[in-house]
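The numbering of the sequence shown is the working numbering, which starts it at 23 and goes up by one.
If you're looking for bench data, these hints aren't it; they were derived computationally from the structure. Hints should not be assumed to be uniformly reliable.
What the hints assert, rightly or not - List time: in silico SDA-like cross-link candidates among lysine to any residue, alpha-carbon distance up to 20 angstroms:
1. 100 with 64
2. 369 with 327
3. 25 with 102
4. 121 with 133
5. 290 with 71
6. 211 with 49
7. 100 with 110
8. 369 with 241
9. 44 with 291
10. 353 with 366
11. 121 with 139
12. 65 with 28
13. 290 with 241
14. 100 with 49
15. 241 with 213
16. 25 with 336
17. 25 with 67
18. 181 with 198
19. 291 with 338
20. 291 with 358
21. 290 with 237
22. 302 with 286
23. 291 with 311
24. 109 with 241
25. 369 with 259
26. 290 with 301
27. 291 with 241
28. 44 with 288
29. 353 with 325
30. 100 with 116
Said to hold, decoys possible - Taking CB as the label site, the calculated pair distances span:
31. 289 with 28: 21 to 31 angstroms
32. 180 with 302: 47 to 57 angstroms
33. 118 with 44: 44 to 54 angstroms
34. 29 with 132: 48 to 58 angstroms
35. 211 with 318: 24 to 34 angstroms
36. 28 with 306: 36 to 46 angstroms
37. 295 with 358: 28 to 38 angstroms
38. 361 with 45: 32 to 42 angstroms
39. 218 with 29: 26 to 36 angstroms
Cβ atoms here follow ideal geometry from the backbone N, Cα and C, with glycine treated the same way.
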Amino acid sequence: MKKINIDQIEPGMILGRAVIDKNMVVVLSAGTMLAASHIARLKYLHIPSVFITESLKTTSDNLSSERIINRDNAFVKKYDDVVNEAKNIFLGIASGDKKALTHASDMAGDTIAPLVQQGTGLIDHLSDLQRLDSDIYQHSVRVSILAGVIGKWLYLDQKRIGELILAGLLHDIGKTTLPEEIVKMPLDKLTGDDYEIYIQHTLNGQNLLNEIGASDGIKAVALQHHENMDGTGAPFNLVGDNIHEYARIVMVANFYDNITAELEGQIKKTPFDAVSMISKRMFSTLDARVCVPFINNIQNSFLGSPVRLSDGRRGQIIYYPAGYSSLPIVKTMDGEVIDFNNSVSVKIIGYNPKY
23 MKKINIDQIE PGMILGRAVI DKNMVVVLSA GTMLAASHIA RLKYLHIPSV FITESLKTTS
83 DNLSSERIIN RDNAFVKKYD DVVNEAKNIF LGIASGDKKA LTHASDMAGD TIAPLVQQGT
143 GLIDHLSDLQ RLDSDIYQHS VRVSILAGVI GKWLYLDQKR IGELILAGLL HDIGKTTLPE
203 EIVKMPLDKL TGDDYEIYIQ HTLNGQNLLN EIGASDGIKA VALQHHENMD GTGAPFNLVG
263 DNIHEYARIV MVANFYDNIT AELEGQIKKT PFDAVSMISK RMFSTLDARV CVPFINNIQN
323 SFLGSPVRLS DGRRGQIIYY PAGYSSLPIV KTMDGEVIDF NNSVSVKIIG YNPKY
């Protein structure tokens with residue numbers, strides 16, 4: 023990866039790092055293949071330079087392998103394979119192919135479950151994956167992985183962790199029945215009839231899984247992952263333990279992934295923002311019995327990790343104050359110690375930056 027002046031970039035180059043404006047809004051996501059319109063937009067916004075991946079080829083057909091080479095990461099290669107298989111599984115289930123459920127179960131047990139065993143080390147990989155394109159298949163794989171990790175942190179037995187991984191993988195299967203323009207809209211932008219159409223994916227997902235013989239737990243997650251513990255969710259306003267255990271876990275995994283996804287036009291969020299937001303909801307919409315071990319473990323996994331700050335400096339997380347909603351204390355490379363729980367002008371804009 024190298025930093026290139028805006029006047030030197032050309033169509034076909036691939037962004038190695040997201041372009042973020044002064045308001046912390048993502049202008050273009052990492053991995054974007056630049057077109058002439060992108061370059062014109064960057065110049066209009068007076069972006070002085072960008073980071074470009076170094077590669078001999080920048081064609082769209084080679085984009086997946088481009089990312090793998092640049093990251094030099096076997097995990098990402100396996101992730102790409104799982105995502106491609108997930109797409110085939112989703113299309114199979116949508117067409118009523120009962121064999122697709124067997125394929126999904128095999129993939130959850132043979133491929134995703136071994137990844138989950140990496141536990142806290144997986145968070146670094148998931149942070150990398152957030153920089154890849156986001157769609158229903160990638161989101162579902164990430165939620166599956168994270169749900170399995172949460173299950174491990176909750177000390178569930180291997181059978182239940184396996185079911186949880188499969189449930190996370192298939193939680194959004196009902197979105198295959200929705201119009202593409204609805205699926206692509208951010209949830210907080212959906213209102214009125216659009217929201218009513220969107221929330222139908224929970225009912226449709228349950229129906230699809232019922233037709234191919236999925237277990238009650240798997241179907242419950244598809245139906246209930248937009249319910250809230252305080253009864254403000256959808257589609258049935260269920261309360262507390264009326265929501266299936268697996269659904270309460272997938273709710274947290276789904277929430278974390280949605281917050282940390284790097285989406286153009288949205289304020290860039292870090293894993294620390296996600297943890298803070300989860301802690302604020304742990305006694306209302308989310309289940310505290312899931313959130314507490316999740317927060318404890320994920321904060322421990324952050325300790326010692328490098329971060330990139332909005333003023334260009336780098337630092338290292340050295341401590342977390344007591345309290346589930348606390349933000350990290352960072353020591354910068356020039357020796358300054360910054361407590362982000364206080365009012366400070368600088369922000370954390372990157373976790374575990376590779377460049």
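Has the given pair, residue 369 with residue 241, been kept, meaning a C-alpha gap of at most 20 angstroms? 41 angstroms, violated
Outcome for the supplied range 44 to 54 angstroms, where the beta carbon pair is residue 118 and residue 44: 50 angstroms, holds
Proposed proximity, residue 241 with residue 290 (alpha carbon, max 20 angstroms): Given that 20 angstroms is the threshold and the Cα spacing comes to 33 angstroms, the pair is violated.
Check whether the Cα positions of residue 291 and residue 311 lie no farther apart than 20 angstroms. With Cα atoms ~24 angstroms apart, residue 291 and residue 311 exceed 20 angstroms; violated.
Cβ distance range 36 to 46 angstroms for residue 28 and residue 306, holds or violated: With a Cβ separation near 45 angstroms, residue 28 and residue 306 satisfy 36 to 46 angstroms, so the hint holds.
Restraint status (C-alpha distance of residue 290 to residue 71 at most 20 angstroms): 19 angstroms, holds
Check whether the Cα positions of residue 290 and residue 301 lie no farther apart than 20 angstroms. Roughly 19 angstroms between the alpha carbons, so the hint for residue 290 and residue 301 holds.
Within a Cα-Cα threshold of 20 angstroms, do residue 44 and residue 291 meet the stated pairing? 14 angstroms, holds
Holds or violated: residue 100 to residue 49, with C-alpha atoms at most 20 angstroms apart: Given that 20 angstroms is the threshold and the Cα spacing comes to 29 angstroms, the pair is violated.
Quick one, are residue 211 and residue 49 close enough, alpha carbons at most 20 angstroms? Judged against 20 angstroms, a Cα distance of about 18 angstroms means the pair holds.
Just to be careful, I want the Cα atoms of residue 241 and residue 213 compared with a cutoff of 20 angstroms; is the pair within it? Roughly 26 angstroms between the alpha carbons, so the hint for residue 241 and residue 213 is violated.
Quickly compare the C-alpha distance for residue 100 and residue 110 to 20 angstroms and report which way the hint goes. Holds, at about 16 angstroms.
Checked against the numbered hints listed earlier, the structure breaks hints 1, 3, 8, 11, 13, 14, 15, 18, 20, 21, 22, 23, 25, 27, 30, 32, 37, 38, 39; every other hint is satisfied.
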